[in-house]
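Q: Below are the chains, spelled out letter by letter.
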Amino acid sequence: MSPLNEQQAKEYWRRNLSLMVKLLVIWFVVSYGFGIILVDVLNQIQIGGYKLGFWFAQQGSIYVFVVLIFYYAKKMAALDREFGVEEE
Amino acid sequence: MDLQTLTYIVVGATFALYIGIAFWARAASTKDFYVAGGGIHPVQNGMATAADWMSAASFISMAGLISLSYGGYGGSVFLMGWTGGYVILAMLLAPYLRKYGKFTVPEFIGDRFYSKSARAVAVICLIICSVTYVIGQMKGVGVAFSRFLEVEYDTGLYVGMTIVFFYAVLGGMKGITYTQIAQYCVLILAYTIPAIFISLQLTGNPIPQLGLGSTLAGTDVYLLDKLDMMVTDLGFQEYTTNVRLSTVNMFAYTLSLMVGTAGLPHVIIRFFTVPKVKDARSSAGWALVFIAILYTTAPAVAGMARLNLMQTIEPEPGKYLAYDERPVWFKNWEKTGLLQYEDKNGDGLIQYSANAETNEMVKIDNDIMVLANPEIARLPNWVIALVAAGGLAAALSTAAGLLLAIASAISHDLMKGIFTPGIGEKAELMASRIAMAGAIAVAGYLGLNPPGFAAGTVALAFGLAASSIFPALMMGIFSKGVTKEGAIAGMVAGIGVTLFYVFQHKGIMFIPGTAFLGDTPANWFMGIEPNAFGCVGAVVNFAVAFAVSKVTAAPPERIRELVEHVRVPVGAGEATGH
Chain A
-2 MSPLNEQQAK EYWRRNLSLM VKLLVIWFVV SYGFGIILVD VLNQIQIGGY
48 KLGFWFAQQG SIYVFVVLIF YYAKKMAALD REFGVEEE
Chain B
52 MDLQTLTYIV VGATFALYIG IAFWARAAST KDFYVAGGGI HPVQNGMATA
102 ADWMSAASFI SMAGLISLSY GGYGGSVFLM GWTGGYVILA MLLAPYLRKY
152 GKFTVPEFIG DRFYSKSARA VAVICLIICS VTYVIGQMKG VGVAFSRFLE
202 VEYDTGLYVG MTIVFFYAVL GGMKGITYTQ IAQYCVLILA YTIPAIFISL
252 QLTGNPIPQL GLGSTLAGTD VYLLDKLDMM VTDLGFQEYT TNVRLSTVNM
302 FAYTLSLMVG TAGLPHVIIR FFTVPKVKDA RSSAGWALVF IAILYTTAPA
352 VAGMARLNLM QTIEPEPGKY LAYDERPVWF KNWEKTGLLQ YEDKNGDGLI
402 QYSANAETNE MVKIDNDIMV LANPEIARLP NWVIALVAAG GLAAALSTAA
452 GLLLAIASAI SHDLMKGIFT PGIGEKAELM ASRIAMAGAI AVAGYLGLNP
502 PGFAAGTVAL AFGLAASSIF PALMMGIFSK GVTKEGAIAG MVAGIGVTLF
552 YVFQHKGIMF IPGTAFLGDT PANWFMGIEP NAFGCVGAVV NFAVAFAVSK
602 VTAAPPERIR ELVEHVRVPV GAGEATGH
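Heads up: the sequence lines are chains A and B, in that order. First residue of the first sequence: -2, per our numbering; consecutive thereafter. First residue of the second sequence: 52, per our numbering; consecutive thereafter.
None of these hints come from the bench; they were simulated from the model. The reader is advised that the hints may include incorrect statements.
Stated by the list, open to error - Computed list of lysine to any residue pairs in SDA-like fashion (alpha-carbon distance at most 20 Å, straight line):
1) Lys414(B) / Glu612(B)
2) Lys7(A) / Arg611(B)
3) Lys7(A) / Gly532(B)
4) Lys7(A) / His92(B)
5) Lys386(B) / Val413(B)
6) Lys531(B) / Gln5(A)
7) Lys71(A) / Val621(B)
8) Lys7(A) / Lys414(B)
9) Lys386(B) / Lys370(B)
10) Lys531(B) / Gln41(A)
11) Lys277(B) / Lys72(A)
12) Lys71(A) / Pro326(B)
13) Lys382(B) / Lys395(B)
14) Lys7(A) / Ser530(B)
15) Lys531(B) / Gln4(A)
16) Lys531(B) / Leu1(A)
17) Lys531(B) / Glu8(A)
18) Lys414(B) / Glu376(B)
19) Lys72(A) / Val621(B)
20) Lys277(B) / Gln41(A)
21) Lys71(A) / Gln95(B)
22) Lys71(A) / Lys531(B)
Working from the sequences, and respecting the hints, build out all of it.
A: Structural data, given as structure tokens:
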């Protein structure tokens, strides 16, 4: 059985969802936003030999994805400890 | 030492390593066989997942797919699509499924939707996805052997099957995990070493990811600007802005690949092997780190190999290479049929152009970009031998992961779960080994006699995973209200719509002549090509599942408890089959 009462379980899940939504917005913006929808606008900016939109589509979005997962893992581990639901 | 001998030595050494691991990591229980005992370190699992994930297609074909077929920027759909799925997997699926702690994906679907029918539907989806996918890997093994070791395609396939048989049947997930770790090391070295050399030669920068954005060595011209200029001179679309059909299509394509990635069972079950929920989250991050090393190198290989190829054919604007003076690698790959030249105007020169009428490079296979890369850059023979071993490692590791997903669905879901529930531990372990051996035989047969539709099937596997398995799993975790009727109807509708769309444009079961709508943008729904349609199938799945759930009896109370239980890490215990 979960050690959380109904109220706590709701709160834990709400905090998880809100973290997830924030990170998924970033996930969406760097790939679908910068890499696809706004690519022409970003391509006006050049960094070294890379047009910025092209860079996000072929490089940048992937780096951001990696950071997002580790950030989520770290934040969730802290949330687990706060609610006392981490595994021993 | 000549290249042939060197290749035999390098490939032979890697195979001896895989077999050694097979004997060391034998499975003693069903838990070893299905989830490697549940004690794999998250970084190790990340590495194994990366090898599991990166197939013959990622290793051999992707760079060429980006630079030739998809003409540069358009190929970004693969780069973003095949990596972004891990973000969804890490947040929406992996930790909760690990918490539930069962052996297979259909098992969760069957329990959450309190229905053996739901489990059976999930097994069918899983088998269709995985079998179509494994055919491509078997072909990859045969092709790699025949090109690098100059043995018959069939012989290569038998050798590959024997190796997989050893470690997959003996060791199950345990053997597969440790061989995948070794295979990752082989394939990533084989991919990055040639890329580093080529980047160094072209730009003076040893890091390919930076080299692609640098100036060409000894000039102040950016590599990508030069590439854009050369392709537009030949009549192609500009490399860095060449959209794949339309913005809507690129959006749908990327989304389908991401959702499909997150829904592929052979990837999901890798996360059942780590000890804790917390490990499942971080392990997805490690997997993506190891994948990203190849996936951020691939666009550099794509751009640089294309540039090298064009500069070989047309060293200066308007000055074409004479066919008689073509380099050795050109001749070598002509023999395999991957490069073809036709002197259309009879001047003995090689004219490469976007115009099909005058283009004399009548065939440049995508695979050339990776396979011929070390030769174009004049790298030493041991690098070429390593590329052969890398291609084989990529194909074998993915094949083994898929075969395990198929075998466990048969022995654990169909036999233990549905048909013979009374079966004991020892008998189930034996059944799983037999199922594995059977799966290898079937995959080998299909590799030897690829059905006519084999070419289109990897895209189909993603479409089906996206439209059936992913939505069912996500609703199972994030909604307490979706009912068994809803889930089953959703899966059937999702797959149905996706298959219907693919078949109407590509032919029923891909049989030529049975397509009843031409495969052209004008006939496509919102201009979305069939390979990119999985995300639409997923939306249909969600919509149907919620609608049907509204009008059917709510799930029993214990299902609400099950969902509550899955959402909180504590009390995960170890993965179990009961």
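Q: All hints are to be evaluated individually against the structure, with a verdict given for each.
A: So, going through the hints one by one against the coordinates:
{"no.": "1", "hint": "Lys414(B) / Glu612(B)", "result": "59 Å, violated"}
{"no.": "2", "hint": "Lys7(A) / Arg611(B)", "result": "13 Å, holds"}
{"no.": "3", "hint": "Lys7(A) / Gly532(B)", "result": "16 Å, holds"}
{"no.": "4", "hint": "Lys7(A) / His92(B)", "result": "31 Å, violated"}
{"no.": "5", "hint": "Lys386(B) / Val413(B)", "result": "14 Å, holds"}
{"no.": "6", "hint": "Lys531(B) / Gln5(A)", "result": "18 Å, holds"}
{"no.": "7", "hint": "Lys71(A) / Val621(B)", "result": "16 Å, holds"}
{"no.": "8", "hint": "Lys7(A) / Lys414(B)", "result": "60 Å, violated"}
{"no.": "9", "hint": "Lys386(B) / Lys370(B)", "result": "25 Å, violated"}
{"no.": "10", "hint": "Lys531(B) / Gln41(A)", "result": "47 Å, violated"}
{"no.": "11", "hint": "Lys277(B) / Lys72(A)", "result": "44 Å, violated"}
{"no.": "12", "hint": "Lys71(A) / Pro326(B)", "result": "17 Å, holds"}
{"no.": "13", "hint": "Lys382(B) / Lys395(B)", "result": "19 Å, holds"}
{"no.": "14", "hint": "Lys7(A) / Ser530(B)", "result": "13 Å, holds"}
{"no.": "15", "hint": "Lys531(B) / Gln4(A)", "result": "17 Å, holds"}
{"no.": "16", "hint": "Lys531(B) / Leu1(A)", "result": "18 Å, holds"}
{"no.": "17", "hint": "Lys531(B) / Glu8(A)", "result": "17 Å, holds"}
{"no.": "18", "hint": "Lys414(B) / Glu376(B)", "result": "19 Å, holds"}
{"no.": "19", "hint": "Lys72(A) / Val621(B)", "result": "16 Å, holds"}
{"no.": "20", "hint": "Lys277(B) / Gln41(A)", "result": "17 Å, holds"}
{"no.": "21", "hint": "Lys71(A) / Gln95(B)", "result": "19 Å, holds"}
{"no.": "22", "hint": "Lys71(A) / Lys531(B)", "result": "27 Å, violated"}
In summary, the numbered hints that this structure violates are 1, 4, 8, 9, 10, 11 and 22.
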